[in-house]
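Participant: The listed protein sequences derive, respectively, from chains L and P.
Mapped onto UniProt numbering, the consecutive letters of the first sequence carry residue numbers 1 to 438.
Mapped onto UniProt numbering, the consecutive letters of the second sequence carry residue numbers 1 to 516.
Calculated from the structure, these hints are not laboratory results.
The beta carbon of each residue, even a glycine, is placed where N, CA and C say it ideally should be.
Watch out, some of these pointers could steer you wrong.
If you only want the chain P side, here are some residues facing chain L, beta carbon under 7 Å, derived [as the list claims (entries may be wrong)]:
id	residue
1	Asp55
2	Ser58
3	Gly72
4	Phe75
5	Gln325
6	Phe328
7	Glu410
8	Tyr415
9	Glu417
10	Ser420
11	Pro445
12	Gly469
13	Ser476
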Amino acid sequence: MPNFIDRRLNPKDKSLGNRQRFLKRAREELKRVIKERVKSGKIADVDAEHNVSMPARGVSEPSFQPDRHSGEKQYVLPGNREFAPGDRLPKKGGGGGARGAGAGTGKSEDDFQFVLSREEVLDLFFEDLELPDMVKLNLKESVAFKRRRAGFTASGSPTNINVGRTMRNSFGRRIALRRPSRREVEKLAGEIAKLEAAPGAQTKNKQRLEEMRQTLDKLERRRRRIAYVDPVDIRFNRFEPQPLPNASAVMFCLMDVSASMGEREKDLAKRFFVLLHLFLKRRYERIDIVFIRHTDEAGEVDENTFFYSKQSGGTIVSTALEEMLRVIRERYPAREWNIYAAQASDGENISGDSERCASLLQDELMRLCQYYAYVEIIDERETEIFGTTDNGTSLWRAYRTVDDEWPNFQMTRIAKPADIYPVFRKLFGKQQTVQLHK
Amino acid sequence: MPQGAASNLLFQGSDWNFETLARTYDAIEKIGIDELGLDVYPNQLEIISSEQMLDAYSSVGMPLMYQHWSFGKRFVFEDHLYRKGRRGLAYELVINSNPCITYLMEENTMAMQALVTAHAAFGHNHFFKNNYLFRQWTDASAILNYMDFAKKYIAKCEERHGTAAVESILDSAHALMDQGVFRYRRPPRLSSEKERERMRERLEYEEQTYSDLWRTLPPSSENSDPSEVERDVTERKKALNLPEENLLYFLEKTSLILEPWQREILRIVRVIAQYFYPQRQTKVMNEGCATYVHYTIMNRLFDRGQISEGAMLEILQSHTNVVFQPAFDDPRFPGLNPYALGFAMMQEIERICVDPTPEDRDWFPEIAGTGNWRETLLDAWANHRDESFVLQYLSPSLIRKFRLFLLTDEADDNYCEVASIHNERGYEAIRTALARSYDIGANQPDIQVMDVDLLGDRHLRLQHNVKNGVLLDEDSRDDTLRHVRHLWGYDVSIAGVDSETGETLYECTTADLSGE
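Isolated chain L, as found in the complex (with noise of 0.2 Å):
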């Protein structure tokens, strides 16, 4: 006799301490991925569905293995069916071992997969912005939504019912529980009848027609206690309500590449760049994003070279404004599109042109924008001295002019990505009251 034990009630998740320990870990990890992604990739990378593999430094297990490419292998594989000593077998992906030999005893248990969902990757990416949690909760929300059909459900309301899956199941119990089909109670009906009508049959056949008399009986009683359709048949169709985005958006990037504007000013300005965009994803179906840098002329160019090319100059901000407005002058008209504009710019400008930036958005650019962002980004250590005053740069102090006229119209100075945030906070204020007036 052996000693049964029995474990079930035993607590389980006797593992459950190893796993936080694990994700924890996997979580440093997949921030540093995050944030590389948000370096290297592309702006609206950010916002998607995000595989991240995890043989990453953190979370792997090395140790002393033998090189799959090197040297010389044998191997003992089972089911030969056409090969002779002396055939040779070309190896498949170039020189990768061969696929077959040996591919059972290789590692890759290393290598899985986390996908990350667009909450997660987001809640990474916010992390070191510190934004407060209300705006994060505001970001992820979306604003409207449509119903979507997704499927049957068991509940529902009467108006819902789907009437051809419903009567599927009908039918599926009716033959799972045998009920009579109507055909079959009418043929022995008739049969009843003819034998009752036929002349002097009524002796001779009487037991026989006792008996058909009973079955008849017991199939009607079956058919009335099996129904026809019965309440765990009904399926209604089920909704599910879908975010909906309402217009479509174009999103301008404004950037100085000067000389002063180096890696650490880029940084900020993409994260900022980022941040609008994701907001503007939530509340746009369409969103154009379109990249115009300028030293001392602009021109509008794609994301990388925006953010990598390494084009110098002087500077002459108003140049890009310019570009700005041919752009939307030529594919965004002002009344099919809602037109944000993000500047970032270290404040340098050529003598006299910033009060002709202000003049150009005084006069045209503020009535066609939604709004106007301007990020100047500053050294760590000006923060102090310029954080609260409205001295500075001569286009800081000519864009507290249009800041003063055009409620749509935001500055503010960043010197590091916790910065960011308060730029925000801005527009999101602004935004509700844009969106009362409509």
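Assemble chain P onto chain L, guided by the hints.
Facilitator: Okay, now just chain P, sitting in the frame of chain L:
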């Protein structure tokens, strides 16, 4: 015989309860002991749920295990595959301990429980108790106690030194697990609970009474003996017992930077690695033995009318799944299936003993036609590991049945060459090559501690004896080397030396690695 039952059947239908489990166990035991001559540890059968099963085999199958994130990683991984339906759960898990613990899953049908009982509680159990490797290298009666100690000890370390500190030592120790076993000499037995307790108390006492002032004492005359400083390399190596194949052991004993508790953790990891070492050397035999035992017992039960045709059909179906061997070009091909190979070889042994062909008489003169299949099998189970078992018992008819062929693969060639196939000329070569592929000693990188200058720069030199030109995978090698450095505290280098020509193929030292 079940008493009081109208039919002879042990169980009907698929539901099980403890009564049927016990009745079936007794019937299985009768056949296992009386007819197959098995010799087993007392059995302890534990019923668990599928989640607990996942838990159990994410912590390398031990009922007691310390906490580490890598087990969580394994759980997430297994769980992922299981939920996606890409992998089924094992039906059983068995632990080499005395009493022998077998897990039965509550979801199994009664037929499966019977199968698992025969497979694990008799097949594996017999193998654990009788195979020479397990007898020599593992201590079934002490392991559970030891694991209990290990778990508590590591938890205590985490409490005292912080999870991160313990984790970093464990990470490094895990990286060296494969290099943490004694392959040739017998490891010391696990000391008894009492002894360990005493040692620990002593350590704690030393820690508590440690005074930094003692360090400032002038060195004793013994230590400053000039002859020691001038010792030449050979003597130094001799003193340190170099070369040493057990890296973890060497670090535990010699590393200058480890604190006592860190050494104890290395020791724990080493003991566990050693405990599992025989299992890695006997995969084919162990699974083959268990499969052979369950197949034989279940068929006997069926012949005696003790299980119904329906149950037998279910049992045969899972049996067939277990011993399924897809061909090498099949997309499902995962390598040679140890269950299939082991089981087929053991059936062959039975056939050769009872009903040999002339060919078998040529190849196996000692056993062919003796009719002693039971003794032959018991002897093979007790005295072989995979390598020697294949070398001794793989028969030509089985090579033909599996249609085995031998492929040679040279790295700089774009083609693999078929060296031998299942014909007269190929049998020997295939058998030898297959046997060698199960020799862990030959297939795992042979890495040894060669030299260290303890009084100089303390640079630790490892040597990788390169066989057949198979180098180490560079990324994992560098990462692992960083772990060695972490435990050693000073620079570590590894040199690959061709074991035939003695030529140095590569050299790598942690001083050149970035990220340290």
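Participant: Look at each hint and say if it fits the structure.
Facilitator: Against the structure, the hints come out as follows:
1. Asp55: holds, 4 Å
2. Ser58: Since the shortest Cβ distance to chain L is 5 Å, the answer is holds.
3. Gly72: Holds, because the Cβ-Cβ distance from Gly72 (chain P) to chain L comes to roughly 3 Å (cut-off 7 Å).
4. Phe75: Holds, about 5 Å.
5. Gln325: Check passed: Cβ of Gln325 (chain P) comes within 6 Å of chain L, closer than 7 Å.
6. Phe328: holds, 4 Å
7. Glu410: Constraint on Glu410 (chain P) satisfied, holds at 5 Å.
8. Tyr415: For Tyr415 (chain P), the interface hint holds, since the closest Cβ of chain L sits about 4 Å away, which is under 7 Å.
9. Glu417: Constraint on Glu417 (chain P) satisfied, holds at 5 Å.
10. Ser420: holds, 6 Å
11. Pro445: holds, 5 Å
12. Gly469: holds, 3 Å
13. Ser476: holds, 4 Å
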